[in-house]
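Visitor: Residues per chain are reported as follows:
Protein chains: 2
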Amino acid sequence: MIVELISTGSELLLGDTVNTNVSWLAQELNKLGYTIAHQSVVGDNPKRMAEVFQLASTRADIVISTGGLGPTQGDITRNVLADSIGRPIVFNQEAMDEVKHFFDRVKRTVPDASRREAELPEGANVLHNPVGVAPGVVVEDGDTTYILLPGPPGEMKGMFHDSVVPYLMSRFGSQGVVTSYRYGIYDIREIDLENTLMDLIKNQSNPTIALLIKKGYIEVRITAKADTLEAAHELLNPWDAIVRDRLGARVGRDLTVSMEETLGHVLLEDHSTISTAESCTSGLVGKLLTNVSGSSEYYMGGVISYSNDVKHRVLGVPQDMLDTYGAVSEQVAKAMAEGARTVGQTTYAVSTTGIAGPGGGSPEKPVGLVWFGVTGPHGTVAHKANLIGNREDIRQSAAELALYYVYTYITEKGK
Amino acid sequence: MIVELISTGSELLLGDTVNTNVSWLAQELNKLGYTIAHQSVVGDNPKRMAEVFQLASTRADIVISTGGLGPTQGDITRNVLADSIGRPIVFNQEAMDEVKHFFDRVKRTVPDASRREAELPEGANVLHNPVGVAPGVVVEDGDTTYILLPGPPGEMKGMFHDSVVPYLMSRFGSQGVVTSYRYGIYDIREIDLENTLMDLIKNQSNPTIALLIKKGYIEVRITAKADTLEAAHELLNPWDAIVRDRLGARVGRDLTVSMEETLGHVLLEDHSTISTAESCTSGLVGKLLTNVSGSSEYYMGGVISYSNDVKHRVLGVPQDMLDTYGAVSEQVAKAMAEGARTVGQTTYAVSTTGIAGPGGGSPEKPVGLVWFGVTGPHGTVAHKANLIGNREDIRQSAAELALYYVYTYITEKGK
Chain A
1 MIVELISTGS ELLLGDTVNT NVSWLAQELN KLGYTIAHQS VVGDNPKRMA
51 EVFQLASTRA DIVISTGGLG PTQGDITRNV LADSIGRPIV FNQEAMDEVK
101 HFFDRVKRTV PDASRREAEL PEGANVLHNP VGVAPGVVVE DGDTTYILLP
151 GPPGEMKGMF HDSVVPYLMS RFGSQGVVTS YRYGIYDIRE IDLENTLMDL
201 IKNQSNPTIA LLIKKGYIEV RITAKADTLE AAHELLNPWD AIVRDRLGAR
251 VGRDLTVSME ETLGHVLLED HSTISTAESC TSGLVGKLLT NVSGSSEYYM
301 GGVISYSNDV KHRVLGVPQD MLDTYGAVSE QVAKAMAEGA RTVGQTTYAV
351 STTGIAGPGG GSPEKPVGLV WFGVTGPHGT VAHKANLIGN REDIRQSAAE
401 LALYYVYTYI TEKGK
Chain B
1 MIVELISTGS ELLLGDTVNT NVSWLAQELN KLGYTIAHQS VVGDNPKRMA
51 EVFQLASTRA DIVISTGGLG PTQGDITRNV LADSIGRPIV FNQEAMDEVK
101 HFFDRVKRTV PDASRREAEL PEGANVLHNP VGVAPGVVVE DGDTTYILLP
151 GPPGEMKGMF HDSVVPYLMS RFGSQGVVTS YRYGIYDIRE IDLENTLMDL
201 IKNQSNPTIA LLIKKGYIEV RITAKADTLE AAHELLNPWD AIVRDRLGAR
251 VGRDLTVSME ETLGHVLLED HSTISTAESC TSGLVGKLLT NVSGSSEYYM
301 GGVISYSNDV KHRVLGVPQD MLDTYGAVSE QVAKAMAEGA RTVGQTTYAV
351 STTGIAGPGG GSPEKPVGLV WFGVTGPHGT VAHKANLIGN REDIRQSAAE
401 LALYYVYTYI TEKGK
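Residue numbers (UniProt numbering), protein chains in the order written: chain A, 1 to 415; chain B, 1 to 415.
The following block holds chain A by itself, in its conformation from the complex (with noise of 0.2 Å):
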């Protein structure tokens, strides 16, 4: 089953909006079978975009659109559908019904301006919005379905699982499911994970695997693609054994939840707390733990030491240690992770020391060389990373490794 996907409006013809919707669109439907062969984005013209939705209809069985179902002039895709399908546009009872029923739920009258919205091709029918007021729009034409949908991405996914799968499944049935899973690899080089998987890469069919780098880990994707979800997962399981066996601890999460949020899980568990030191990442750290709604559990806090008076004074970080190795080395690394477990009065501490450029570099501490600090109830460790990429990348890298290295002290006791 093909799909055709529009996105409308002359915003993304500026550039001045990324057009995030058509991957998120993109994504769902690949998951649920659907094949996207093309992407159109046209402005806010009634001939160019009866002239696209014309050509979608030739070339897709579904075509979905996003955009231009508001209540002003400027909102054309109900009259264009319309249009290039040559059906009347009539009043819909259905989608007036939904227009008022939102302004009841926030006790406004409906403007008058928002009767366009219940406008429709005629034999349409409407769609429920979950968060706004327009209602989306299906009209079976000859071969062709058109779903149209609002622009908003919180409306448009909204009403994508709401009522579109459910449209899609009772209409067109099961189109099998491409299912994934996916990791987060920490402290690996690339090549050296290749060749880790290099049998699976090598073989791949169904289950598929990629390997794409992030910010402080490598991501690996394998997915499969099969009738039922049952059947997909029985064709990943024995790939996921693999992977877990044979990189062990080095299989920091499972994708589908943050570093913070699987460091956090650990640290509520084991009833414990934890505070930071930073200096190249300055904050960063403590932002991201923070990220979890209720972090308040077992962080407390931390100092940000981006100056080496601070590092001694507030950490306790000896002068002739910072003098005789340099802020960024093992040895600081190590003193301010215990300097933040002091002032934090916490189980465990963190710390991050190093070059995140562009300046700053030498051969023998070159931009993106961080050393991190872990100290806690089984000693103070400490690990070095070469990062790379912009000063961004390195400072998000070296955060989310800090966060890496916390869990692993923490569930190996030490390491």
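It should be emphasised that the hints constitute simulated quantities derived from the structure, not laboratory data.
One should not assume that every hint holds.
For chains that are exact copies, the list does not tell them apart, and a pair is met inside one copy or across any two.
[Stated by the list, open to error] With a straight-line Cα cutoff of 20 Å, these simulated EDC-like cross-link-like pairs (lysine to aspartate or glutamate) come out:
1) 47 <-> 254
2) 31 <-> 261
3) 214 <-> 199
4) 107 <-> 199
5) 215 <-> 16
6) 214 <-> 11
7) 225 <-> 16
8) 31 <-> 11
9) 31 <-> 16
10) 215 <-> 261
11) 225 <-> 11
12) 225 <-> 412
13) 214 <-> 16
14) 384 <-> 162
Values in this document were obtained by computation on a predicted structure and should not be read as measured data.
We have chain A; now place chain B onto it with these hints.
Guide: Only chain B this time, still in chain A's reference frame:
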């Protein structure tokens, strides 16, 4: 002059990659006065891709594609274009020189596969790739100019600026310019900002004006079209004067520079230093300040006082103040800033304490309430904001506002 953008690559149809190339190209081309009428995405399928090229040639003067110029068998864009305009693929010595030049630079011999990158449609011109291997391709055919660019954003952008812009200029002459001034407006409600600028909003044609809600500020953008950049500036300058005159210090910055750069510049000029005390932002203010390379000149560090215990013990916030007013209060925000200034031994300090949500709100202190403290030689002040959005939005907005409040404290001497 009408341009159509074609993005090739099955990863786009799968939704694994968000198509940022197309919005970037659209913005750049619009600035040069070109009109984008359509954008199309097609996978690595020769027949479908050829149809997309043929259609584009019927509705655009210039067709620009991205992707599919690499050395693998899946890189088919050169061949598809040749087929669709009925020209043979021939070995192109200039392209081969480009490929060789790249491998010379990295001291490797040219791989056999890379010979493909020099096999171009007959009559093609070559565009230098300043970053990677694959040269770009220009083919004039009838009324249509085809420009094939590589898919990796760094290569595509470099080639566009270095080669495509000069090519378009010499081939088609100036198309006029579209240029904007963009301001970050802080510490004002949208409705008040709209009222302040209502006469401009109502009477816009050239320039136009737009208000866009961002995290921690509102973007005001005024845009003019003219034959030359100078003429566009002449149209914009009277509006620029109005915006600055009516909004004064609320114009926090020109949006070509970030708030952290704007503040960093003032701190450097002032030869002064700053420290931070963060609760709800939990490190994000420190992270933003150090986005700027060289920020170690003025940012000494700070305390992430996520728990009340750290607020009390490390920052010296009196326990009875925490008990009486609560952590999210004017009093505690001021005491945190003063504590950070003492810990960091800095000229200025800034603090944040608020409710990022989703939990923790109450009728008196709802989710989104944030107090800021700023201290320095002119005494200690506090600011309050009621921020909207999810946890991440509220934290990003709060960090941005914290930087703005320090900036106005310094530039307005304690306001």
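Visitor: Now, for every hint given, state plainly whether the structure supports it.
Guide: Hint check results:
In this homomeric assembly, residue 47 and residue 254 never come within 20 Å of each other (Cα to Cα): the closest approach is 47 Å inside a single copy and 38 Å across copies. In this assembly of identical chains, the alpha carbons of residue 31 and residue 261 never lie at most 20 Å apart, being 25 Å within a copy and 43 Å across copies at closest. Taking CA atoms no more than 20 Å apart as the test, residue 214 paired with residue 199 passes in neither setting, with 23 Å inside one copy and 48 Å between copies. Taking the shortest Cα distances, residue 107 and residue 199 never come within 20 Å of each other, neither inside one copy (62 Å) nor across copies (31 Å).
Proximity of residue 215 and residue 16 under a CA criterion of 20 Å is satisfied inter-copy only: 17 Å between copies versus 26 Å inside one chain copy. Within a single copy, residue 214 and residue 11 get their C-alpha atoms only as close as 30 Å, which misses the 20 Å cut-off; across copies the closest is 17 Å, which meets it. With identical chains, the CA atoms of residue 225 and residue 16 are at most 20 Å apart between copies only, with a shortest distance of 16 Å across copies and 36 Å within one. In this homomeric assembly, residue 31 and residue 11 come within 20 Å of each other (Cα to Cα) only across copies, at 14 Å, whereas the closest approach inside a single copy is 28 Å.
Taking the shortest Cα distances, residue 31 and residue 16 sit within 20 Å of each other only across copies (12 Å), while inside one copy they are farther apart (29 Å). In the homo-oligomer, the alpha carbons of residue 215 and residue 261 lie at most 20 Å apart inside one protomer (17 Å), although the nearest pairing across protomers, at 24 Å, exceeds that limit. For the homomeric pair residue 225 and residue 11, the shortest alpha-carbon distance between copies (17 Å) is at most 20 Å, but the shortest distance inside one copy (36 Å) is not. Within a single copy, residue 225 and residue 412 get their C-alpha atoms no closer than 36 Å, and across copies no closer than 63 Å, so neither meets the 20 Å cut-off.
Only between protomers do residue 214 and residue 16 lie at most 20 Å apart by alpha-carbon distance; the minimum there is 13 Å, versus 26 Å within a single protomer. Taking the shortest alpha-carbon separations for residue 384 and residue 162, neither the intra-copy value of 47 Å nor the inter-copy value of 39 Å comes in at or below 20 Å.
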